[in-house]
Amino acid sequence: MTDFLPFRLLLLVLLAGCTSTRATRVADTPHDRFTWHLEQVLANCDWCHDDSGLDSLVIDPAAQRLEVYFNDAFAQVPFRDSTLMAFEGDVLRGIPEELAAWHVDLASLGAPLSRLVPNLYSRRPDPEKTPVSDDAVRPLVDPVNSPWRQGALRGRHIAVWPSHGWYWEGALERWEWQRARLFQTVEDLLPFSFVVPYLAPMLERAGANVHMPRERDMQMHEVVVDNDGMSDARSRYLEVGPEGASWRAGRGDGFAFRERWQTGENPFEQGTYRIADASPEPTAELAWVPDIPEAGRYAVYVSWARLDAAAPDAEYVVHHTGGKTSFRVDQRMGGGTWVYLGTFRFEAGVSAESGAVRLSNRSRREGALVSADAVRFGGGMGNVERGGQVSGRPRFMEGARYFMQYAGMPADLVYNVTESTNDYVDDYRGRAEWVNYLRGRPEGPNKNRLAGGLGIPIDLSLAFHTDAGVTRSDSTVGTLMIYSSTGMLGERSFPDGMSRFANRDLADIMQTLIVEDIRALYDTSWTRRDIWDRDYSEAVRPNVPGVLLELLSHQNFADMQFALDPRFRHDVARSIYKAMVRFLAAQHGEQPVITPLAPDHLSAVWSPGGTLELSWEGREDPLEPSASPAAYVVYMRRSDGGYDNGRLIQGNRLVLSHMEQGVVYGFRVSAVNRGGESLPSEEVAVASAGPGAPTMLVVSAFDRLAAPASIDENRFRGFGYVQDEGVSDGWDPAFVGHQYDFDPDSRWLDDDSPGHGASYATWEAAPTVGNTFDYAAVHARAALGAGWSVSSVSDERFVAMDPSPFDVVNVVLGEERRTHGPGRGDTSFEALPPGVRESLSLARSAGASLLLSGAHVATDSAGPLADSLSRDWAERVLLFRWRTDHASERGDVNVVSEMLQDDGAPGQGALSSLVFNTRFGQSVYRVESPDALEPVNAAETLLRYADNNMSAATGHPGPTGVVVLGFPFETIRGEDVRRDFMRRLLFYLHPEYPYER
33 MTDFLPFRLL LLVLLAGCTS TRATRVADTP HDRFTWHLEQ VLANCDWCHD
83 DSGLDSLVID PAAQRLEVYF NDAFAQVPFR DSTLMAFEGD VLRGIPEELA
133 AWHVDLASLG APLSRLVPNL YSRRPDPEKT PVSDDAVRPL VDPVNSPWRQ
183 GALRGRHIAV WPSHGWYWEG ALERWEWQRA RLFQTVEDLL PFSFVVPYLA
233 PMLERAGANV HMPRERDMQM HEVVVDNDGM SDARSRYLEV GPEGASWRAG
283 RGDGFAFRER WQTGENPFEQ GTYRIADASP EPTAELAWVP DIPEAGRYAV
333 YVSWARLDAA APDAEYVVHH TGGKTSFRVD QRMGGGTWVY LGTFRFEAGV
383 SAESGAVRLS NRSRREGALV SADAVRFGGG MGNVERGGQV SGRPRFMEGA
433 RYFMQYAGMP ADLVYNVTES TNDYVDDYRG RAEWVNYLRG RPEGPNKNRL
483 AGGLGIPIDL SLAFHTDAGV TRSDSTVGTL MIYSSTGMLG ERSFPDGMSR
533 FANRDLADIM QTLIVEDIRA LYDTSWTRRD IWDRDYSEAV RPNVPGVLLE
583 LLSHQNFADM QFALDPRFRH DVARSIYKAM VRFLAAQHGE QPVITPLAPD
633 HLSAVWSPGG TLELSWEGRE DPLEPSASPA AYVVYMRRSD GGYDNGRLIQ
683 GNRLVLSHME QGVVYGFRVS AVNRGGESLP SEEVAVASAG PGAPTMLVVS
733 AFDRLAAPAS IDENRFRGFG YVQDEGVSDG WDPAFVGHQY DFDPDSRWLD
783 DDSPGHGASY ATWEAAPTVG NTFDYAAVHA RAALGAGWSV SSVSDERFVA
833 MDPSPFDVVN VVLGEERRTH GPGRGDTSFE ALPPGVRESL SLARSAGASL
883 LLSGAHVATD SAGPLADSLS RDWAERVLLF RWRTDHASER GDVNVVSEML
933 QDDGAPGQGA LSSLVFNTRF GQSVYRVESP DALEPVNAAE TLLRYADNNM
983 SAATGHPGPT GVVVLGFPFE TIRGEDVRRD FMRRLLFYLH PEYPYER
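For the sequence shown, this note's numbering begins at 33 and goes up steadily by one.
Just to be clear, a hint being listed does not mean it is correct.
Quick list of simulated restraints, FRET-style, between CB atoms [unchecked claim]:
(1) E129 <-> N480: 52 to 60 Å
(2) R155 <-> D784: 22 to 30 Å
(3) L680 <-> D924: 45 to 53 Å
(4) R155 <-> N177: 41 to 49 Å
(5) P128 <-> N480: 50 to 58 Å
(6) R951 <-> N981: 20 to 28 Å
(7) Q182 <-> P640: 34 to 42 Å
(8) S778 <-> R951: 24 to 32 Å
(9) R747 <-> G126: 35 to 43 Å
(10) M117 <-> E301: 51 to 59 Å
(11) D784 <-> G694: 50 to 58 Å
(12) S785 <-> R155: 49 to 57 Å
(13) S778 <-> D528: 48 to 56 Å
(14) S785 <-> G694: 15 to 23 Å
Everything labelled a hint here was simulated from the structure, so no lab data went into it. Here a beta-carbon is modelled for each residue, glycine too, at the ideal position from N, C-alpha and C.
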């Protein structure tokens, strides 16, 4: 049935006053009796919206037809075939006898109620909500070296953005956030912490090309290499090719580098670009070689020109510290903007072998042209000037308005659509128009839908927000979805003819999966809020299916206890990813398959024969039956380098031979199936010091991810960072500073004085780092320097293995501690659970010595909340007694053990002090509350905190000895210091082994 047009009907009876669901009397006419019955049905409907009511009743005697229109609120809940069928049955049972033979249509939002059921959940999918033409998928960027080429989203294009951002407020003549700093974050950054670390990689690993109108890379350095000039003096642009087959200037504009840009200036119209005739075999090559300012991970963006004869298969190769990674790029679309290839690790300086991007003229398309323009390494700092100032912030923090300009979007069609001086309005209106411009005619920007754009076939868009309301109760606000059933011109269809009620399908599916998963994992009472049909800019402007998500309220303390937990961010991102897979599968008649979860139980152990044995276990997802692993990909890195492109393994074991002596190797594993590839596992690391070397087993037991501690008292509510700052997952882009207003009655006056939850801005200028899950390599590097061979396992694998072959078992506890999760309050991350304690006892009984380090090693196992069994075990096996859990703020440690001060190593000086990290930064996580512990049962104090002389480490020497550090070893500043200290610790435990090998 097509959308209703009430005014064409013979008679329209408006039921003014009938929006109430409470009936007061029964009238005598058939019309009144039916009206009263409908009101009764609504009043007794347990799933209907509280504000549901009748809008109008249309009677068409000639056609013997009744058309019942419910108000908009009626449509703000999810509809399913079963509930709709039951509701229709309730309605039909009350038709007056005189009208019993008439046909009855039920509608809301100007459409039949059946259209409100998502195709995914309907037995009779609505073809009007599917694409009019189902063109073959065309990936813009295709990773050629990936060992797993399958994915449920392969070739799909998804536009997604986190809300708001740092912007120029002209009225105040300053740069500022669009929202207030509350509960240690700001909405301008909070959705970013869901989208960039989790959602985007999930989509990409399922095969999608992900497009963002905000900078995604948190790297604050940027290097631009271009044929028209560089961002620095040492970077190089190189062209190689024989006479007659070389690169030449293209006709038209290209990119040119500048330090700053003014509004209206398009960087991709200020320079030139290069072209070469395509060839089946490469005859000409380009190289962009950056001068990397600091070793680290950098996003790589490439660009090219818009050409009619563009090659569909240009081949880019990124040379990085993990090797070479190739991409096949379709230059028929995406010309004249930055196109993301991936993020790679580079060493500082200039290296054409391990720090470059290369492009040849190879293409299978006869007569095609390969074009080349600038290449960009790293996200960098904002460079769009407003009011005579640039933002002074990393580009990823800025609103989309500035990145869209830097990415070559036309001002009048995209980022400056309606306002010349109001960047706030430009920022949110421009994002959807950016989607339309990426796609181009006939779905182009609403000012000119026939604009050519970039020709990228965007499949859907998502605006991710967290501004969903406030409540004074202890409950969460919950999840709201917003879509639009009309376009900017009021039309009900997209330019290609598909019904815009496809937007509602996407909204319903996404909200359903988010709420179901949160209820299953965290909070059974998580609120499913409305599904709004509204003309919000980010919902109404896209000319492709799109929705606006208000996940939760960053203004509400109860919601934020979830939002600051990295596990919650991961799980919500997975729900959103699953929703996109399911929506697109329903759109194209495919069977949705979801990627597996990351493997666990990792082990990397040297065999007696010198081979390396890797093993792992796949994980089943209790929320997703299709997510079973079918195979695995093992990634390897050497020393401080990046990871290679991986190798596909059918089982869960890999044996490697001919490994190089004296090199630290790191391994991560992902799981794959027809849906794509999981996120990677934690890292295990190994190193071989050669035959006969003493052996260390590193146990990676720092798995913890957590929100800061929360305090919820009558007059004091907020995040108690003094108790526990929590642990972020890698770099945390969302942390701005500690909360300072804990009064729940404190009122909002201004975003600069936002009341309850107000937080400092101390740390917002740069992301801080948390758990990077790669500390086994830090310990292995230090032990290798002392002449020891190192194997490593995850803690869940350790409890099931025989530790007897190892001379030392080194347990890396980091900031592991017993943690109550949000919602249901499940306890996780106990530092030394019973299984680990039992395995450590077995190891010591078998002749191994023990080395443990962690900020909460004593508190968790022997502190006030530990049980008597754990405390007794700590004294009996680890030989310590807990003293305090906030032992030092400075991180300065004095060495008091004479054996550690001067171990007799030739050429080594005395070691009198150490410093471990207590500062926020990007090199290693900060230790905010290390443990003090006292020796018992013949143990001794090895280290003392310099600020108070509390015992920082205890030990008992000898081959079955024990050393316990009250702070994490990996946070000791300086690699040389760590290596020297590890050598001394190992000599303390095993003086029978030589110092150097």
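For each hint, the structure was consulted:
1. Between E129 and N480, the C-beta spacing of about 57 Å keeps the proposed range 52 to 60 Å intact.
2. Between R155 and D784 the Cβ separation comes to about 54 Å, which falls outside the hinted range of 22 to 30 Å.
3. Here the CB-CB span from L680 to D924 is close to 49 Å, well matched to the stated 45 to 53 Å.
4. Between R155 and N177, the C-beta spacing of about 43 Å keeps the proposed range 41 to 49 Å intact.
5. A C-beta distance of roughly 53 Å is found between P128 and N480, which places it inside the suggested range of 50 to 58 Å.
6. Here the CB-CB span from R951 to N981 is close to 22 Å, well matched to the stated 20 to 28 Å.
7. For the pair Q182 and P640, the supplied restraint of 34 to 42 Å holds, since their beta-carbon distance comes to about 38 Å.
8. The hinted window of 24 to 32 Å between S778 and R951 holds, with their beta carbons roughly 30 Å apart.
9. R747 and G126 have their C-beta atoms about 54 Å apart, which leaves the hinted 35 to 43 Å range violated.
10. Between M117 and E301 the beta carbons are some 58 Å apart, a value that agrees with the proposed interval 51 to 59 Å.
11. Separated by about 56 Å at the C-beta atoms, D784 and G694 satisfy the suggested range of 50 to 58 Å.
12. Between S785 and R155 the beta carbon distance is about 54 Å. The supplied range of 49 to 57 Å therefore holds.
13. Between S778 and D528 the beta carbons are some 51 Å apart, a value that agrees with the proposed interval 48 to 56 Å.
14. Separation of S785 from G694 is about 59 Å and departs from the stated range, judged on CB atoms against 15 to 23 Å.
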